[in-house]
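Q: Sequence:
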Amino acid sequence: MDMKKRRDMQLAYISDEAVMEEQRIGRKILQKLNFADRSDFDGIAEIVKELLGKSEGAWINPPFYCDYGSHIEVGKNFFANYNCTIIDVAKVKIGDNCQMAPNVSIYTAGHPIYPDTRNSAFEYGKEVTIGDNVWLGGNTVVCPGVHIGDNVVIGAGSVVTKDIPDWSIAAGNPCRVIRKITDEDRRKLFHNEEIDDEAWDMICAQAEK
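The sequence shown begins at 81 in the numbering used here and counts up by one.
Simulated from the structure, these hints should not be mistaken for laboratory data.
Remember, predicted model here, so these are calculated numbers, not experimental data.
For each residue, glycine too, the CB sits at the ideal point set by N, CA and C.
Treat the hints with care, as some may be off.
[What the hints assert, rightly or not] Straight-line Cα separation of at most 16 Å, EDC-like style, residue types lysine to aspartate or glutamate; simulated pairs:
1) K108 <-> E136
2) K171 <-> E102
3) K173 <-> D196
4) K206 <-> E153
5) K134 <-> D120
6) K173 <-> E203
7) K156 <-> D212
8) K85 <-> E97
9) K173 <-> E153
10) K173 <-> D122
11) K171 <-> D88
12) K173 <-> E207
13) K206 <-> D88
14) K260 <-> D230
15) K260 <-> D243
16) K268 <-> D281
17) K129 <-> E101
18) K173 <-> E101
19) K171 <-> E207
20) K156 <-> D230
21) K84 <-> E278
22) K242 <-> D230
23) K112 <-> D96
24) K112 <-> E130
25) K108 <-> E130
26) K85 <-> E207
27) K171 <-> E153
28) K108 <-> D88
29) K134 <-> D176
30) K85 <-> E101
31) K206 <-> D243
32) K84 <-> D96
33) K85 <-> E203
34) K112 <-> D122
35) K173 <-> D88
36) K173 <-> D243
37) K242 <-> E207
[Unchecked claim] Estimated spans, in silico, between C-beta atoms of each pair:
38) K206 <-> I261: 21 to 31 Å
39) V239 <-> K173: 49 to 59 Å
40) A236 <-> N157: 51 to 61 Å
Just need the whole structure built from these sequences, with the hints factored in.
A: Now the structure itself:
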């Protein structure tokens, strides 16, 4: 079995010449993205579509880093802020309306823990999935194999090592669920501060469309 097939089956594999050739394609697109005119919004959007393939309304504020790009699947209205990193050895599947704050890192890659085994150059990738309507706070790290549910907020600086269920606020190192998100949160802006009437009317009008 060749190394690309082993990688895609989430088995131990080595980054041989064929694997690195796939990475080379992604890195050429990243070069364009990360050195683009930051005020050329239309141009950046086109490069993002080239990098991620099928996407609708995806936006990435460069710089951005990944291994392939083609292993990242995003839903509608994906947004990644400055200096995000997705090590997409395995698939990274992200749902609709997801937001990533600055310095978020998603890792699918890993290495054996025993030194001799690790020094063999074999590594692995384990898929990460993120549901719809998820917000990852700044400097969040998502580790290999993690599944984050729908309607989740991850607090800044968290290290997500285990699955997070739907409708949760979670934070910490390691990241743990703090509480559920409920209807009482619907009008909240910051801590216990509520959204002002003018903005709330606009939000309600959007919801009725």
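Q: Would you mind marking each hint as holding or not holding in the structure?
A: Comparing the hints with the structure gives:
no.	hint	in the structure
1	K108 <-> E136	22 Å, violated
2	K171 <-> E102	14 Å, holds
3	K173 <-> D196	32 Å, violated
4	K206 <-> E153	15 Å, holds
5	K134 <-> D120	21 Å, violated
6	K173 <-> E203	21 Å, violated
7	K156 <-> D212	9 Å, holds
8	K85 <-> E97	13 Å, holds
9	K173 <-> E153	5 Å, holds
10	K173 <-> D122	25 Å, violated
11	K171 <-> D88	8 Å, holds
12	K173 <-> E207	8 Å, holds
13	K206 <-> D88	9 Å, holds
14	K260 <-> D230	12 Å, holds
15	K260 <-> D243	15 Å, holds
16	K268 <-> D281	14 Å, holds
17	K129 <-> E101	20 Å, violated
18	K173 <-> E101	23 Å, violated
19	K171 <-> E207	5 Å, holds
20	K156 <-> D230	14 Å, holds
21	K84 <-> E278	54 Å, violated
22	K242 <-> D230	15 Å, holds
23	K112 <-> D96	25 Å, violated
24	K112 <-> E130	10 Å, holds
25	K108 <-> E130	11 Å, holds
26	K85 <-> E207	15 Å, holds
27	K171 <-> E153	8 Å, holds
28	K108 <-> D88	22 Å, violated
29	K134 <-> D176	13 Å, holds
30	K85 <-> E101	14 Å, holds
31	K206 <-> D243	13 Å, holds
32	K84 <-> D96	9 Å, holds
33	K85 <-> E203	13 Å, holds
34	K112 <-> D122	13 Å, holds
35	K173 <-> D88	14 Å, holds
36	K173 <-> D243	14 Å, holds
37	K242 <-> E207	13 Å, holds
38	K206 <-> I261: 21 to 31 Å	27 Å, holds
39	V239 <-> K173: 49 to 59 Å	20 Å, violated
40	A236 <-> N157: 51 to 61 Å	21 Å, violated
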